[in-house]
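**Student:** Quick mapping for you: the protein sequence lines, in order, are chains D and E. Numbered by this note's numbering, the letters in the first sequence go through residues 14 to 443 in order. Numbered by this note's numbering, the letters in the second sequence go through residues 14 to 443 in order.
These aren't lab readings, by the way, just hints derived from the structure by calculation. Honestly, I wouldn't trust all of these hints.
Copies of the same chain look alike in the list, so a pair counts if it works inside one copy or between any two.
[Stated by the list, open to error] Derived DSSO-like pairs (lysine-lysine); straight-line CA-CA distance at most 27 Å: (1) Lys358 x Lys256; (2) Lys188 x Lys294; (3) Lys375 x Lys414; (4) Lys247 x Lys375; (5) Lys382 x Lys295; (6) Lys136 x Lys358; (7) Lys436 x Lys294; (8) Lys141 x Lys69; (9) Lys69 x Lys414; (10) Lys328 x Lys317; (11) Lys295 x Lys141; (12) Lys257 x Lys40; (13) Lys146 x Lys188; (14) Lys69 x Lys328; (15) Lys30 x Lys69; (16) Lys256 x Lys35; (17) Lys260 x Lys328; (18) Lys146 x Lys136; (19) Lys69 x Lys247; (20) Lys40 x Lys260; (21) Lys382 x Lys256; (22) Lys436 x Lys257; (23) Lys146 x Lys45; (24) Lys375 x Lys295; (25) Lys188 x Lys257.
Number of protein chains: 2
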Amino acid sequence: MTAYQQMTPAQLAQEVKVLREKFDEYKNMGLKLDLSRGKPDGSQLDLALPMMGVLKETQDFMTETGFDSRNYGLLEGIPEARRLMAEILELEPDEVIVGGNSSLNLMHDCVGIGFVHGYPGGKGGWYKEGNIKFLCPCPGYDRHFAVTQHFGFELVSVDMKEDGPDMDAVEELVKDPAVKGMWCVPKYQNPLGITFSDDVVRRLANLSPAAPDFRIFWDNAYAVHDLEPGKGDKLLNLMAELKKAGKPDMALFFTSTSKISFAGAGIAAVGGSAANVAWLKKHFGLQVISGDKVNQLRHARYFKNKAGVMAHMEKQAALLRPKFEAVLDTLERELAPAGVASWNKPRGGYFIPLDVMDGCAKRTVALCKEAGMVLTGAGATFPYGVDPRDRNIRIAPTYAKLDEIKTAASLLCLCAKLACAEKLLEQAKA
Amino acid sequence: MTAYQQMTPAQLAQEVKVLREKFDEYKNMGLKLDLSRGKPDGSQLDLALPMMGVLKETQDFMTETGFDSRNYGLLEGIPEARRLMAEILELEPDEVIVGGNSSLNLMHDCVGIGFVHGYPGGKGGWYKEGNIKFLCPCPGYDRHFAVTQHFGFELVSVDMKEDGPDMDAVEELVKDPAVKGMWCVPKYQNPLGITFSDDVVRRLANLSPAAPDFRIFWDNAYAVHDLEPGKGDKLLNLMAELKKAGKPDMALFFTSTSKISFAGAGIAAVGGSAANVAWLKKHFGLQVISGDKVNQLRHARYFKNKAGVMAHMEKQAALLRPKFEAVLDTLERELAPAGVASWNKPRGGYFIPLDVMDGCAKRTVALCKEAGMVLTGAGATFPYGVDPRDRNIRIAPTYAKLDEIKTAASLLCLCAKLACAEKLLEQAKA
Chain D
14 MTAYQQMTPA
24 QLAQEVKVLR
34 EKFDEYKNMG
44 LKLDLSRGKP
54 DGSQLDLALP
64 MMGVLKETQD
74 FMTETGFDSR
84 NYGLLEGIPE
94 ARRLMAEILE
104 LEPDEVIVGG
114 NSSLNLMHDC
124 VGIGFVHGYP
134 GGKGGWYKEG
144 NIKFLCPCPG
154 YDRHFAVTQH
164 FGFELVSVDM
174 KEDGPDMDAV
184 EELVKDPAVK
194 GMWCVPKYQN
204 PLGITFSDDV
214 VRRLANLSPA
224 APDFRIFWDN
234 AYAVHDLEPG
244 KGDKLLNLMA
254 ELKKAGKPDM
264 ALFFTSTSKI
274 SFAGAGIAAV
284 GGSAANVAWL
294 KKHFGLQVIS
304 GDKVNQLRHA
314 RYFKNKAGVM
324 AHMEKQAALL
334 RPKFEAVLDT
344 LERELAPAGV
354 ASWNKPRGGY
364 FIPLDVMDGC
374 AKRTVALCKE
384 AGMVLTGAGA
394 TFPYGVDPRD
404 RNIRIAPTYA
414 KLDEIKTAAS
424 LLCLCAKLAC
434 AEKLLEQAKA
Chain E
14 MTAYQQMTPA
24 QLAQEVKVLR
34 EKFDEYKNMG
44 LKLDLSRGKP
54 DGSQLDLALP
64 MMGVLKETQD
74 FMTETGFDSR
84 NYGLLEGIPE
94 ARRLMAEILE
104 LEPDEVIVGG
114 NSSLNLMHDC
124 VGIGFVHGYP
134 GGKGGWYKEG
144 NIKFLCPCPG
154 YDRHFAVTQH
164 FGFELVSVDM
174 KEDGPDMDAV
184 EELVKDPAVK
194 GMWCVPKYQN
204 PLGITFSDDV
214 VRRLANLSPA
224 APDFRIFWDN
234 AYAVHDLEPG
244 KGDKLLNLMA
254 ELKKAGKPDM
264 ALFFTSTSKI
274 SFAGAGIAAV
284 GGSAANVAWL
294 KKHFGLQVIS
304 GDKVNQLRHA
314 RYFKNKAGVM
324 AHMEKQAALL
334 RPKFEAVLDT
344 LERELAPAGV
354 ASWNKPRGGY
364 FIPLDVMDGC
374 AKRTVALCKE
384 AGMVLTGAGA
394 TFPYGVDPRD
404 RNIRIAPTYA
414 KLDEIKTAAS
424 LLCLCAKLAC
434 AEKLLEQAKA
C-alpha cells in the first residue's frame, strides 16, 4: 500500500471512501469498547486474592515490633510495610512513610503542604508568594497536572523526549524562582511508556533551581511493572544521585500497590530525605493518626519483600503481554503502511502512546466514539487538556478483554487512517 | 472527713503531710499507668475479628450494584457503605461520601478545601481573606483545634455548658464575617461526655452567620457509643433542623468506625447537603480516585446496617462499663469528700472529665507523672493548649486494663487532693 503522504488527491479520495465504508460497518456493529482506563481487569485482581486469607480471624495482628495494627498509632506506617515500600522505591525504610490507599492522595497532600506551609529551605506557604509554577513534562499524567492546576499554579509544559523530559528546557526553567516543582513519572512514563535515561536522572539530581524549596515529584507508579520479566527498563536511583550531588531534599518519591494488589485498596507510600520525612510527618500528624495499618500488615505479610512483589508481577505480566502485543501487532499491520502515525513499544507500564498526524488526534478519538469506542480524550495528557499539535492518543490496553482489544485496536487504526486521509485530502484541495 | 475549704491551715498542713506519704508510697511502686489515650483496648478490638473472615478468597467482591470493589472508581463510596454510614449520621445515602480510614483526615481536608477554594456561597479560598477564625467550644478535642491552628486560623474559645456550647456567645461571634466555622462533637462530647440539648441544636441550625460560607463541623464520633444500651443520650438531628430553617448547607457531618471496628482501619464518612456533597466530590475528585472500597465492603457486609452496629456496640459497652464505673466509683469515694473537684457521669463516649480546683490541673497531672502515670496534658482540651482556669483533666479509661484503671484512678484522686491541699495551704499562708 502507498503511504498516504505519497498519494494523489484522487487516491486519497478513494482511500477515504473505502475507509468510510469500513467505518460504517463498525458503526453498525453496535460496539461498546473502552481503551480509556488505566485499570487492571478482574483476572489481574484475582491474582492477589490469596492476600485476603492472610489475616484470618484467628491470626494475630501484631507488627514485628509487637504493635497492634488494629489500634491507633504509627503515623509513619508499620515497620514491615515501610521496609517493603522502601525496597520498591529504592530508599531506606526510615526514608519512607506508608500512608493511606492512594499515592495520588499523598501527592495532592504534599502539594497542599507546599501551598499552605512550604518546604524546608523556603519562606513558608507558597500561597503567600503569588504566582506559582510547576513543570509538566508532556504528554504526561493528566491527574498530576490537574492537582497543581487545582491549587491555582501555572502549568509549564516541558517536552518529553525519548529518554525523558527535555533537560535543556528544565535547566533553564528552574532559574525562575516561581517554579516550585516538577512532575515526573520516571519509569514506563504515563503515557509514553519510556524510562528516564541515566543522563536525565543525573541532570535532574544536579538541577540548581532558584527556588530553595523546589521539589521533584517522583511518581514511581510503575516501578515493578515490567512486561517481560528480567528484561525491564532500569531506572537510575534518583536518591543516590541526589545524595552524591549534595541535594537530598530536592525530590519526593511516591508509589503504591494499586496496580500490584488491588486498585484503590492497596497501600501507598511517600519517601524522601530525613528532612523531608520529618517535615511531612509534622504536617501529616495534624491531619491523620495513621494510614490503615491492618491493610499494611496484610500486604507486608503477603508480599514479604520486593522479590515477593516481583514474583507476583510476573503473573500480571503474563496476563498483560498478550494485550499489549495485540495492540502493537494491529498498529504495525494496519497503521504502519499508511505512514501517518508512530508509537512506542513500552517494556512495561500501563499504556501505549500513539502519535497520529498533527491535527488528527481529536478527530480520531471522535470517530472512535462515533463507532462505540471510548478513548482517553485527545489532549488529556497535556496541561490544560490542550495538545498543541493535536496528535497524541493514549491507549490503555489493560482493562478490556483480549478479543475486545483486538477489535478496538483495529477500529482505532481505521479511525486514525480515516482522520489522517481526510486531513490530507483537505490539504490537497486547499 | 472535712472538706478542704473548711480546714484550718494546721489541718491542711497535716492533710498535705499524710497525702505526701501516700504519694511517696505510690512513687516507690514503680507504676507505669496510662489514662491519656482515647484508644480501644485489645479485647474491644477482638470483638470485630469476625469481620476479617467476611471477605475470604473465594467470595465475591462485587458491590450490590455489581461494581468490583477491588478496582478504581466510586469516589463517593460503595452504595452499601454509604447507606450504613448515612444511617449512623442520620442522613440520606446520597448525602454521604465514604472516604478513607479517618474522619479526622476528612475534617482536615474539608478545612483545607475551605482554605484553598472556600465553600458555596462564599468568595473563594479563605486564604485570600486574611485572618480567619474558627469557634472552638472548650474543653474540646485537641486535634480539632490543632487542624485549624495549623492552617493559621485564629481559635476563638466558646465555653462548653452542661447542654452544649454557650449559644449566646456563638450567636454573637458569628456576626463576625471572619468566623468561617465551628467545631462540634455533639454527642458524648470529647472530653465532657455531654450531649448537645435539643435547644442548642435548634439554635445552631438557626444561626445567621455573617460569612455566607460558614460551616459547622459536626463530628459525630460517638454517635453509637452508649454505655448503657437503650439508655443512651438522644441527639436531635441537625440536618433535619437545618432543612426546616432553610439552611441545609450550613453544616458538614463526620463520623467513622474507628471506635466501632478497628482504630485507624475502619471507614470514615463525611455528609452534607446536595450542594456540599457536590462541592466536596468536585474537590476530592482531584485528590483521590476513591477510598478503600474493599474495606468498605468488608464493613458493610459485616455490620449490614445500624442495627448490626448497635448490637456490636452493646458488646463494647459491656467491656467499657466496668472501666467507667471503676473511675467514677473511685472519684466518688476518694475525691468527693475533699470537695475540691467535680465531674460528669457520661452515658457514653470515651472520656470522663474532671474539674479540679482552679489552678490545680497542671500540678495534678505533673504529680501523676512523677508517680508513673500519664494523663492527657492539662490544657490540651483548650485552644492553644491553655486552660484559662487550669482546672480540666481528661480521663480516658478505655485502653488500660480494669485493675490498672482502679490503681490509676486512686492515684489520680490522691494527686488531685494533694495539689488542691497544697494550693489551699499556700493561700492560707499568704
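**Student:** I want to check one pair: Lys188 and Lys294. Are their C-alpha atoms no more than 27 Å apart within a copy, between two copies, both, or neither?
**Tutor:** neither (29 Å within a copy, 37 Å between copies)
**Student:** Between copies, within a copy, both or neither: which fits Lys188 and Lys257 at Cα up to 27 Å?
**Tutor:** For Lys188 and Lys257, the Cα distance is within 27 Å only inside one copy (21 Å; across copies 57 Å).
**Student:** From the Cα coordinates, with 27 Å as the cut-off, is the pair Lys382 and Lys256 best called within, between, both, or neither?
**Tutor:** neither (49 Å within a copy, 43 Å between copies)
**Student:** Give the relationship of Lys136 and Lys358 under a CA distance limit of 27 Å: within one copy only, between copies only, both, or neither.
**Tutor:** Neither: 44 Å inside a copy, 49 Å across copies.
**Student:** Which holds for Lys358 with Lys256 at a C-alpha limit of 27 Å: within a copy, between copies, both or neither?
**Tutor:** neither (33 Å within a copy, 57 Å between copies)
**Student:** If the cutoff is 27 Å on CA atoms, where do Lys141 and Lys69 land: within, between, both or neither? Let me know, please.
**Tutor:** neither (50 Å within a copy, 51 Å between copies)
**Student:** Treating 27 Å as the Cα threshold, decide for Lys328 and Lys317: within, between, both or neither.
**Tutor:** within (17 Å within a copy, 35 Å between copies)
**Student:** Reference check for the pair Lys69 and Lys414, CA-CA at most 27 Å: within, between, both, or neither?
**Tutor:** between (33 Å within a copy, 25 Å between copies)
**Student:** Could you figure out if Lys69 and Lys247 sit no more than 27 Å apart (CA to CA) within one copy, between two copies, both or neither?
**Tutor:** neither (38 Å within a copy, 37 Å between copies)
**Student:** Evaluate Lys146 and Lys136 at a C-alpha cut-off of 27 Å and name the case that applies: within, between, both or neither.
**Tutor:** Answer is both; intra-copy 16 Å and inter-copy 24 Å each pass.
**Student:** Cα distance capped at 27 Å. Does Lys260 pair with Lys328 within a copy, between copies, both, or neither?
**Tutor:** neither (38 Å within a copy, 54 Å between copies)
**Student:** At most 27 Å between C-alpha atoms: does Lys146 with Lys188 qualify within a copy, between copies, both, or neither?
**Tutor:** within (12 Å within a copy, 38 Å between copies)
The structure is inconsistent with the numbered hints 1, 2, 4, 6, 7, 8, 12, 15, 16, 17, 19, 20, 21, 22, 23, although it conforms to all the rest.
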